[in-house]
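Visitor: The residues making up each chain are set out below.
Number of protein chains: 4
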Amino acid sequence: MSSSEFFAKIDPIKYEGPESKNPLAYRYYDKDQMVMGKRMEDWLRPAICYWHTFCWDGFDVFGGGTFNRPWHKLDGQEMAEAKLDVAFDFFTKLGTPYFCFHDIDIMAPAADIKEHTNNFAAILDKVEEKMGETGVKLLWGTANVFSHPRFMAGASTNPDPEVFAFAATQIRQAMDATKRLNGENYVMWGGREGYDSILNTDLKREMDQLGRMVSLAVDYKHKIGLSGPILIEPKPHEPTKHQYDRDTATVYGFLKKYGLENDVKVNIETNHATLAGNSMEHEVATAFALGIFGSIDANRGDPQNGWDTDQFWMENMEITKTMYHIVKNGGFETGGFNFDSKVRRQSIDAEDLFYGHISGLDALARGLLCAVDIMEDGRMPDFVTERYAGWDGEFGQWLLKQGSLDEIADRAVKEGLDPKPKSGRQEYMEGLLNQFV
Amino acid sequence: MSSSEFFAKIDPIKYEGPESKNPLAYRYYDKDQMVMGKRMEDWLRPAICYWHTFCWDGFDVFGGGTFNRPWHKLDGQEMAEAKLDVAFDFFTKLGTPYFCFHDIDIMAPAADIKEHTNNFAAILDKVEEKMGETGVKLLWGTANVFSHPRFMAGASTNPDPEVFAFAATQIRQAMDATKRLNGENYVMWGGREGYDSILNTDLKREMDQLGRMVSLAVDYKHKIGLSGPILIEPKPHEPTKHQYDRDTATVYGFLKKYGLENDVKVNIETNHATLAGNSMEHEVATAFALGIFGSIDANRGDPQNGWDTDQFWMENMEITKTMYHIVKNGGFETGGFNFDSKVRRQSIDAEDLFYGHISGLDALARGLLCAVDIMEDGRMPDFVTERYAGWDGEFGQWLLKQGSLDEIADRAVKEGLDPKPKSGRQEYMEGLLNQFV
Amino acid sequence: MSSSEFFAKIDPIKYEGPESKNPLAYRYYDKDQMVMGKRMEDWLRPAICYWHTFCWDGFDVFGGGTFNRPWHKLDGQEMAEAKLDVAFDFFTKLGTPYFCFHDIDIMAPAADIKEHTNNFAAILDKVEEKMGETGVKLLWGTANVFSHPRFMAGASTNPDPEVFAFAATQIRQAMDATKRLNGENYVMWGGREGYDSILNTDLKREMDQLGRMVSLAVDYKHKIGLSGPILIEPKPHEPTKHQYDRDTATVYGFLKKYGLENDVKVNIETNHATLAGNSMEHEVATAFALGIFGSIDANRGDPQNGWDTDQFWMENMEITKTMYHIVKNGGFETGGFNFDSKVRRQSIDAEDLFYGHISGLDALARGLLCAVDIMEDGRMPDFVTERYAGWDGEFGQWLLKQGSLDEIADRAVKEGLDPKPKSGRQEYMEGLLNQFV
Amino acid sequence: MSSSEFFAKIDPIKYEGPESKNPLAYRYYDKDQMVMGKRMEDWLRPAICYWHTFCWDGFDVFGGGTFNRPWHKLDGQEMAEAKLDVAFDFFTKLGTPYFCFHDIDIMAPAADIKEHTNNFAAILDKVEEKMGETGVKLLWGTANVFSHPRFMAGASTNPDPEVFAFAATQIRQAMDATKRLNGENYVMWGGREGYDSILNTDLKREMDQLGRMVSLAVDYKHKIGLSGPILIEPKPHEPTKHQYDRDTATVYGFLKKYGLENDVKVNIETNHATLAGNSMEHEVATAFALGIFGSIDANRGDPQNGWDTDQFWMENMEITKTMYHIVKNGGFETGGFNFDSKVRRQSIDAEDLFYGHISGLDALARGLLCAVDIMEDGRMPDFVTERYAGWDGEFGQWLLKQGSLDEIADRAVKEGLDPKPKSGRQEYMEGLLNQFV
Ligand SMILES: [Co+2]
Ligand SMILES: [Co+2]
Ligand SMILES: [Co+2]
Ligand SMILES: [Co+2]
Ligand SMILES: [Co+2]
Ligand SMILES: [Co+2]
Ligand SMILES: [Co+2]
Ligand SMILES: [Co+2]
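Protein chains in written order, with full-length UniProt numbering: chain A, 1 to 437; chain B, 1 to 437; chain C, 1 to 437; chain D, 1 to 437.
Simulated from the structure, these hints should not be mistaken for lab results. Since the model is a prediction, treat every value here as computed from it, not as a measurement. Incorrect hints may appear among the rest.
It does not matter which identical chain is meant; a pair holds if it fits inside one copy or across any two.
[What the hints assert, rightly or not] In silico DSSO-like cross-links for lysine-lysine, where the CA-CA straight-line distance does not exceed 30 Å:
| no. | residue 1 | residue 2 |
| --- | --- | --- |
| 1 | K422 | K14 |
| 2 | K73 | K31 |
| 3 | K420 | K204 |
| 4 | K137 | K114 |
| 5 | K21 | K179 |
| 6 | K38 | K21 |
| 7 | K414 | K14 |
| 8 | K137 | K14 |
| 9 | K93 | K420 |
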């Protein structure tokens with residue numbers, strides 16, 4: 001089978017409604033449906049990732065590739081172009097508006113820095129053309145500065161400054177490409193920006209190096225007029241033992257330390273959230289609370305496994321709880337839901353790529369509808385508002401803005417304050433949630 | 001048995017050297033031994049905690065108290081004084097220089113805010129007297145604003161502002177007491193400053209409330225001239241589902257957000273570090289790198305259990321790795337090693353309290369000696385220095401301080417940079433560590 | 001408020017259908033609804049537990065009781081009878097057919113073995129009377145041989161044989177009571193049957209002691225004609241560092257070792273399953289595969305917390321996946337769904353007990369309906385059947401029952417076997433599941 | 001550099017004693033030193049594994065190979081022979097007596113079942129020759145039935161019986177080879193014998209298929225006179241979501257189910273133990289208690305990471321605690337310590353392989369010496385013996401062997417048993433352990 005025929009037997013995916021039993025149709029994702037005044041597509045802004053879906057051959061640490069994709073048998077620019085065709089064929093059949101890529105995902109492999117520059121440039125022309133033909137847009141671009149052996153000890157955080165400079169080169173080119181392709185964000189995932197052993201590591205130096213690289217990228221973003229934010233994608237570990245941007249709160253501290261909090265936001269991945277010991281809804285709510293919510297890499301981990309499984313996310317309750325914070329805060333600005341999800345190594349057929357993405361996108365659409373129902377019903381958000389109402393009153397505001405510790409304590413003693421516990425109603429709220437999911 | 005006789009049959013603990021087989025003697029802790037120019041006691045600054053050792057009766061969630069301490073059979077001020085006697089008897093026999101307490105640990109139980117004020121004042125006179133008699137000093141004081149049912153939904157982060165005010169009152173008094181007793185730090189542990197369910201919680205409000213309380217405490221510290229820092233003790237969860245100050249990096253972001261990073265440092269607990277998914281050495285190295293290292297709650301969790309077991313910490317390798325960062329950074333300023341450790345529920349005898357603390361303190365002393373050996377040998381720190389030496393050269397400094405992304409990339413392409421991987425030597429470093437532990 | 005008025009303002013809970021917004025009504029639990037030929041109540045066999053709901057006062061390791069239940073202010077037999085009244089009032093209003101208890105949950109506290117015998121006997125008369133009046137039945141009884149300090153080092157596995165004998169006494173009485181009250185199963189949860197430290201433990205002795213106790217109970221069951229099975233409830237740890245019956249597969253090995261596999265089954269708790277690193281559906285499927293499925297303690301843990309939170313279980317997808325295995329295997333024989341679930345410490349009102357149990361029971365009912373839909377649709381079970389169909393053919397049967405390794409290998413080489421991978425269709429199956437939940 | 005020169009600059013490793021600072025010398029491993037009547041080598045029986053050390057090129061899921069081994073640039077039989085040379089050069093320089101391999105580790109890659117047979121046979125002649133020349137022995141052999149895509153859904157547990165037959169063929173040949181090379185054990189690691197999703201899996205069928213394969217191997221072992229046991233290596237998951245032989249207790253139940261407990265033992269890997277939520281010492285103690293202790297794969301995981309890192313194991317305390325159970329039970333019969341450990345991906349030099357293995361073997365030797373000290377001192381084992389002494393008395397024996405539940409309970413009531421808690425002395429024992437490590 002040639003690459004061009006890979007998805008030949010699959011027709012464009014249509015919306016058929018919740019009662020459909022067709023696994024190659026959407027049951028919830030109806031992109032033009034208006035939801036709270038916005039098209040569903042504009043709420044979700046779904047993107048397909050290049051790496052898992054078109055680059056990975058199904059290998060894992062315990063065994064070789066299983067997928068036998070026809071384009072994996074080709075080389076160089078020919079391989080890159082075949083992959084591009086098949087990718088845009090996929091995007092088009094799914095009807096999703098965005099895609100995302102790392103530089104090396106799309107290009108012919110390069111042996112050195114000059115070849116990298118040339119090969120990347122060569123494919124960009126083709127990518128631009130494809131985007132023009134299909135209307136598919138770029139949610140974000142990024143540079144892969146973790147796979148090549150030169151990055152084995154990190155890119156920005158490498159003990160060798162030449163590696164930093166090499167990474168800077170790739171980042172400059174990937175930012176240029178993102179600008180050229182009207183990408184709406186630029187992502188930095190820390191890959192190997194951490195350590196395998198603290199024994200051979202100078203933590204402080206490495207954090208400063210990382211702060212420097214992000215600062216350089218921020219300056220460059222302004223210089224070239226890349227309009228969207230830079231997004232850091234938190235992850236606690238893997239492949240490293242410890243990665244410096246372990247979760248949203250950690251990234252926030254890092255941004256404050258280097259004065260980057262106005263230009264950089266987070267790209268939160270579900271699987272990374274749970275690997276870090278946080279719930280996904282926590283990460284999203286925290287990012288909004290700290291003003292750094294950017295985008296989402298939609299996937300899930302396995303609750304019993306401790307590595308990044310990047311599975312398709314289809315749990316309606318979990319998605320709804322996350323979507324609730326997104327809807328409540330008005331949705332994405334420049335971000336979207338990128339499917340950083342891969343079919344299992346046993347899911348070797350072309351159809352499996354469709355099953356995963358259709359069900360994953362449907363699950364997001366359903367979660368959106370559930371979250372909107374919760375908002376419109378009002379009981380859940382209202383309960384929370386009322387619970388804290390005391391803080392909006394005179395006493396609460398005085399505590400927050402005026403009284404000193406001494407004054408507060410004196411007043412408390414004088415008034416003989418004896419606050420009585422009120423039920424937190426957790427089971428009520430959980431039951432209420434179940435009325436919507 | 002009366003409280004005063006509780007430790008009667010145990011003599012003051014002496015240093016007998018590494019060959020001693022006496023479980024009631026120190027094998028490594030020789031407080032006046034000079035180590036890198038400082039007395040061992042001045043390096044370790046060990047403190048005994050009141051709560052686990054004198055307040056807890058051995059209960060857990062699945063069963064009642066097992067300890068049968070004589071003072072637990074008394075009430076009110078009589079109980080408080082008996083406990084005080086036995087505590088200082090213990091401190092004296094161990095020969096440790098510091099202790100730590102929460103307000104309610106030392107006082108007669110109080111029914112309301114006025115009684116709290118009175119009962120706390122009543123015991124403080126006695127505490128001061130005991131300290132004078134024995135020379136035992138206060139490493140830090142704190143207020144327990146998490147045990148009483150009024151704090152079930154948090155203290156500072158409570159939806160009810162009256163609870164905030166109540167907590168503020170206790171904190172003011174505990175800070176006053178710490179000042180009066182020449183305490184060298186003041187600690188805030190977040191107890192229930194988090195949430196059990198995000199469904200009923202306004203994360204942003206709660207973080208702001210917490211920021212406000214710490215700001216109030218910082219102002220008050222300056223007002224009363226409490227010289228040491230305020231210390232926040234990170235913990236990721238338990239009893240809450242999520243606690244806002246989950247680890248050192250998170251606390252750093254919180255401090256930066258509220259402008260508190262110059263007045264507040266961290267009190268790192270080993271067991272909390274590992275519950276948060278971090279190694280203890282990571283937490284300590286991070287705190288030094290971020291400039292917020294304060295003090296340590298020395299204990300350990302169980303590697304197979306997911307709750308705060310607060311066991312005595314006796315693993316020489318783990319301690320040495322942590323101590324190495326402390327020694328390398330010059331040791332504590334105002335902090336110390338507080339034994340936030342409890343004997344197991346089955347360790348019901350007076351002797352068991354001694355076995356735990358003696359072996360725990362000995363383990364710290366041994367770890368100190370090992371870390372000093374590593375520093376003096378020099379191979380481990382030198383390896384790291386040399387590994388990053390390139391960053392101290394012209395090119396590294398130019399990358400860090402001058403070049404823009406564009407300039408860096410241009411130079412890299414022009415010079416055809418092709419950095420070659422160098423071994424990270426992790427096994428060599430691990431083997432080297434084994435020459436010292 | 002007196003105990004008898006505790007639930008006064010709450011009317012019996014009715015089924016109002018999925019569209020109801022009334023948090024004090026069932027939306028799915030319609031006990032007489034026929035589902036695949038059986039009443040919904042007969043599929044679920046729901047039971048309310050005494051301990052969490054009527055004994056616990058809301059304390060945790062970090063703070064005291066929050067619940068202020070009126071019967072907790074009483075003592076002795078009066079307390080026991082008030083608790084009994086309120087419990088049966090609750091069962092009746094919920095309309096649930098079963099309850100479960102530990103001996104000490106229902107009786108007046110006892111100081112010694114004789115008082116235990118007398119106090120337990122005294123309340124049993126009342127319990128029997130209540131059961132007669134209300135028609136509420138006993139799903140299972142058990143003995144609490146872990147809370148009293150005498151059991152701090154285990155009951156059956158205690159180093160002191162007298163503790164074993166004391167526990168045997170309680171077990172005998174609890175089995176007698178279960179028989180008298182027509183209890184349908186007898187449960188043994190390992191509480192402290194494990195170790196806190198392997199350093200002071202003889203694992204082999206302890207496992208043999210535990211094997212002995214279960215054997216004694218099995219013999220006694222036959223002697224008194226207790227018709228249902230003995231159920232062991234697996235848990236990996238907590239309060240112990242390690243508990244011997246960590247999960248279903250471990251219990252199976254234990255039963256085979258002591259020849260108990262025909263008389264003993266498992267009572268699987270959701271929260272214990274996940275603490276042990278297993279999914280709940282895995283535990284249930286494993287128990288059916290090994291022929292030891294007994295009953296379920298329905299609850300959930302928190303995915304980010306490492307202790308037994310015993311929360312109400314309301315995740316439809318997780319419940320459906322578990323229920324699917326139950327339905328596929330024909331449902332419970334003598335077991336049922338016991339609500340080993342507790343309201344959160346902040347849920348202090350009488351209503352909260354209803355919210356938790358109503359939503360929890362509704363979630364089970366909904367999961368049952370979903371699982372039945374899956375079975376009736378047939379695509380999911382059929383996919384699995386067809387996937388393994390080769391094993392039912394001649395070659396598969398020959399491999400399983402006849403060929404030697406030599407013969408198999410010879411045939412494989414001779415025929416040049418070259419099996420081709422077939423897609424495992426995981427995403428398809430996950431999407432299919434989403435058509436039903 | 002050619003393969004034959006790969007270790008050229010490294011001289012045979014010598015024992016230089018604990019004071020040596022030479023990282024290319026043993027400090028504790030002195031193979032002929034007599035320890036409790038046995039040579040140290042005979043206690044430890046160390047083996048080097050082929051796969052991590054000679055086959056792996058340093059790739060991980062996030063990036064390509066870093067090692068640049070010269071033999072990885074060759075093909076077919078030439079590659080296999082170059083690898084063999086370098087491997088035996090390594091074994092000889094380390095002075096370790098054993099090695100271990102999977103079939104495909106040592107042979108030229110094969111495209112089909114016949115080529116597999118031929119290529120495996122071709123290298124076996126060379127292996128036998130090398131063993132004869134060097135005196136290096138085979139601790140165990142095994143078949144890799146998990147890496148090839150045909151095994152993506154398991155080998156024995158595959159839904160396709162032809163895959164079972166293919167695996168059987170490899171196993172037969174690997175067993176034959178093990179017999180021919182005088183291998184002392186034959187290992188079966190479950191690789192992909194589990195599931196990625198329970199949704200598409202028939203658990204019961206798969207367990208029966210696995211039971212069948214192990215039974216076939218046991219029969220074949222007897223047929224060909226392979227003298228040592230078959231060893232199952234437990235692992236809970238990875239690459240699968242769940243693997244059927246998750247830990248020692250689970251394997252025991254599996255063996256009992258299929259009547260295999262007399263012919264099969266466990267090969268316990270440290271990293272697998274901890275991934276399963278067990279301590280290594282627990283797994284070893286459990287295996288001895290159940291009579292199925294076989295061999296050890298020595299390595300460690302990272303306490304903060306949830307995947308199989310297979311690092312070199314150098315923690316003296318952990319090793320000593322494990323070694324204590326081995327020494328107490330008389331040591332290995334046919335098993336040994338296989339270094340299933342790999343240098344980090346950043347440890348790219350030939351020296352790094354030596355640093356890892358030397359320090360790893362030294363750590364085992366040191367742990368052995370510590371464990372022997374503990375045994376000879378006697379206080380630790382004696383404490384445990386005395387703790388359970390009551391069970392050896394008349395009452396304990398009567399409980400264990402004679403009394404019925406009724407008789408025991410009657411006697412307990414009659415005698416008014418009131419057992420008093422005795423301290424478990426955990427901190428004393430932990431302190432005592434610290435006198436030896
Ligand atoms: Co991602
Ligand atoms: Co991921
Ligand atoms: Co602490
Ligand atoms: Co703690
Ligand atoms: Co339970
Ligand atoms: Co539980
Ligand atoms: Co292994
Ligand atoms: Co491993």
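Visitor: None of the hints should be skipped; say for each whether it holds.
Guide: Here's how the hints hold up against the structure:
For a Cα distance limit of 30 Å, the shortest separation of K422 from K14 across copies, 27 Å, qualifies, whereas the shortest one inside one copy, 50 Å, does not. For the homomeric pair K73 and K31, neither the shortest alpha-carbon distance inside one copy (36 Å) nor that between copies (52 Å) is at most 30 Å. Only between protomers do K420 and K204 lie at most 30 Å apart by alpha-carbon distance; the minimum there is 23 Å, versus 47 Å within a single protomer. Within a single copy, K137 and K114 get their C-alpha atoms as close as 28 Å, which meets the 30 Å cut-off; across copies the closest is 51 Å, which misses it.
Taking identical chains as interchangeable, the C-alpha atoms of K21 and K179 are never at most 30 Å apart, the minima being 42 Å within one chain and 50 Å between chains. In this homomeric assembly, K38 and K21 come within 30 Å of each other (Cα to Cα) both inside a single copy, at 27 Å, and across copies, at 27 Å. Taking the shortest Cα distances, K414 and K14 never come within 30 Å of each other, neither inside one copy (69 Å) nor across copies (49 Å). In the homo-oligomer, the alpha carbons of K137 and K14 lie at most 30 Å apart inside one protomer (20 Å), although the nearest pairing across protomers, at 53 Å, exceeds that limit.
Taking CA atoms no more than 30 Å apart as the test, K93 paired with K420 passes between copies only; the shortest distance there is 28 Å, against 59 Å inside one copy.
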